[in-house]
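Chains as they are written, first to last, in numbering that gives the first Met the number 0: chain A, 0 to 412; chain B, 0 to 412.
Note that these hints are calculated values from the structure, not bench results.
Heads up, some of the hints might be wrong.
Any copy will do: because identical chains look the same in the list, a pair fits if it lies in one copy or spans two.
Stated by the list, open to error - Straight-line C-alpha distance at most 20 Å; calculated SDA-like pairs for lysine to any residue:
| hint | residue 1 | residue 2 |
| --- | --- | --- |
| 1 | Lys361 | Ala403 |
| 2 | Lys272 | Val163 |
| 3 | Lys371 | Met219 |
| 4 | Lys86 | Pro15 |
| 5 | Lys306 | Gln48 |
| 6 | Lys190 | Asp249 |
None of these values were measured; they are calculated from a predicted model.
2 protein chains.
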Amino acid sequence: MSRIVVKFGGTSVADPNRIENAADKVQAEVRRGNKVIVVVSAMAGVTNQLVDYCQQIDPGCDPHEYDAVVASGEQITTGLMALALQKRGLSSRSFMGWQVPMICNDQHGRARIDEIPPENLENCLDNDVVAVVAGFQGVSRSGRISTLGRGGSDTTAVALAAAVKAHRCDIYTDVDGVYTTDPRMVPQASKLEKVSYEEMLEMAALGAKVLHPRSVELAMAWNVPLQVLSSFDPKIGSELPGTLIVAEEDIMEKQIVNGVTYTRNESKITLLKVPDMPGIAASIFAPLGESGINVDVIVQNVSPDGKTTDMTFTVPKGDAARTKSVLSSLDQLQGVEIRIDNDIAKISIVGIGMSSHTGVAKTMFTTLAENKINIQAITTSEIKISVLIDEKFTELAVRALHSAFDLDQKNVG
Amino acid sequence: MSRIVVKFGGTSVADPNRIENAADKVQAEVRRGNKVIVVVSAMAGVTNQLVDYCQQIDPGCDPHEYDAVVASGEQITTGLMALALQKRGLSSRSFMGWQVPMICNDQHGRARIDEIPPENLENCLDNDVVAVVAGFQGVSRSGRISTLGRGGSDTTAVALAAAVKAHRCDIYTDVDGVYTTDPRMVPQASKLEKVSYEEMLEMAALGAKVLHPRSVELAMAWNVPLQVLSSFDPKIGSELPGTLIVAEEDIMEKQIVNGVTYTRNESKITLLKVPDMPGIAASIFAPLGESGINVDVIVQNVSPDGKTTDMTFTVPKGDAARTKSVLSSLDQLQGVEIRIDNDIAKISIVGIGMSSHTGVAKTMFTTLAENKINIQAITTSEIKISVLIDEKFTELAVRALHSAFDLDQKNVG
């Protein structure tokens, strides 16, 4: 008998019919003899509608009230899921964030979970009551409703799994697992059976939209095995698993490369002839950080004359114009040319086996060269290599790399 | 400086624009130097949508979960109203039922308010913070979300007004006051400046849709002056009042008749040749009560032969068929003919001056006779007279009585 936390995303609870379908999955889990806690998102589209209401009234609105409004979406699905479970003969009750309680800090709109006193949930588990917990929301110590920000419902599920020491946290979504790359772009993409937290983090951060990095980080920190499953595949759940995300040491046979990811949401900023002096990088990136602009790939060329250097980095596309205006106002950059290139893509290969294998970078660069794709910048970590290329070569690069690393058409991982 | 509780109904907060318009009314009240607490309903249509979701899953659903789902409608408008007030430079914060707390009994779906510890609201009033409270909802002593049932938001407003000893409770709605009769039926209908709780109760129960009787009863019990105003009339609120609903002793000049009301939502049930013996009425009406059928006007004719009698009463139209089946199953009524007449209307005249004036009934009956309208049954109370007539004469009867009691085209009350 295992304890399992099961989370359903917005498309899985988009209307009463889908909620009933999701309840069937929970019932199947209970029939297999497991103790289950359910976490639900708001119906697909509802959160956006609520955010829109707030912004219609005041685009810079008070995050306390924003949270009260936006949290109501999960309240609806939480109650409805409890009803659907009761209809199936299960004892069930809903818990809003304040009822669990999911105690959060005061950072409204993007609160972090401080503490989850487990008594109420343990009480449900002991009495075979399926607790249905509203995702994405908590309560501050002063008794205000808070929300967790993006990826909030996944984070709720993982945090609850940690709080009750669950054996697994199942994330039901509209895809049936984590793939070696985007299956819409590469038909030969294959589903991964197992992937490490670290790989998933790189893949999530780099563009795979299955899980929010925050929930993966939390799962890694508390060592909660995650499983990604489809709500819509009737076979999924028992016989056919989705993708299991676990600690690196629980993966016997480590793949060198497990995935190829891409993002086209960044702009490349190039600063030409920046004075090459100590502290110049800080004087550029500190003001950007203060303006809330996330800088990614940073490349500084060797200074040929010892006096000036060229610097390249990426920012989210939506922040490119603001980046230019922040940099233009800096005294140190007067006279420096600032170029923005929106037509770039970042392509990455990810794999925990990479660190112990040589030749991975060479294979990547050779493959791109063979396809006449110019590399504009490179960054690496222990388990990934990322390159910036011209956006128009995105599909070509992803497909070529997917094939070059033997990821086509087989179950890997 | 007065304390005023201000409540906005569903049409008054139907979208962000209307919420802003309602916030203007609150701001005007604060500028007049008053301390304000705001109560809001859900956006028009939202509660019905949420009820529909619950019933799609389970028509006889658990009222605990029903309450959690349905209460989310007010959570949205409460937060949005606080945002709109903040935008106007007012300090404001939202309170859900559990945050006030509005402590209710365990009758989920139709909870009654047990207690409102006033500390949180007093704290807001003391610090010039406009508290925005979610109407219709409360929290049980075991910490579950509860809802108050029909008329819930008006009841929330009146209960809060009682709890903080407010000077007045303003109910903003889509009409600008209480009228002598339905203005859509009688163009000469005039707005009442003042009406007593008792009259309002009779008028609300008899078909005037402005205020739910429950909120009026509560206002009467705690002696909270109520005012009905329009959200949509820009002049209303300061110069031009709506209708004030107060204790009888606060009305100097009592009108004999203050209103003519009608309802077409009842069916007339006639039982022919009922055995005339002690206990027969109880044996008929007790089973109906147990079946949740509300019986209204009851008339029992004198028994001509001492053995049988005819009995007439009304029930809500939707309950007529069920009434017949309940009665048909009774041993005492075997052989009794049961007739249902759906084509009836109940016309009533209401006025606190009635009890001290003679001739009111005579004027009513004469007026109907002059218009060739047959009276099928009569009931009276201290402050009203109701008659059942053929439904097709509804307009004729209402207009004739409105004119006969001098209610046409002038401000009365």
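Here is how each hint holds up against the structure:
no. : hint            : result
1   : Lys361 / Ala403 : within (11 Å within a copy, 101 Å between copies)
2   : Lys272 / Val163 : neither (56 Å within a copy, 69 Å between copies)
3   : Lys371 / Met219 : neither (39 Å within a copy, 85 Å between copies)
4   : Lys86 / Pro15   : within (13 Å within a copy, 36 Å between copies)
5   : Lys306 / Gln48  : neither (53 Å within a copy, 68 Å between copies)
6   : Lys190 / Asp249 : within (18 Å within a copy, 78 Å between copies)
The structure shown violates the earlier hints numbered 2, 3 and 5.
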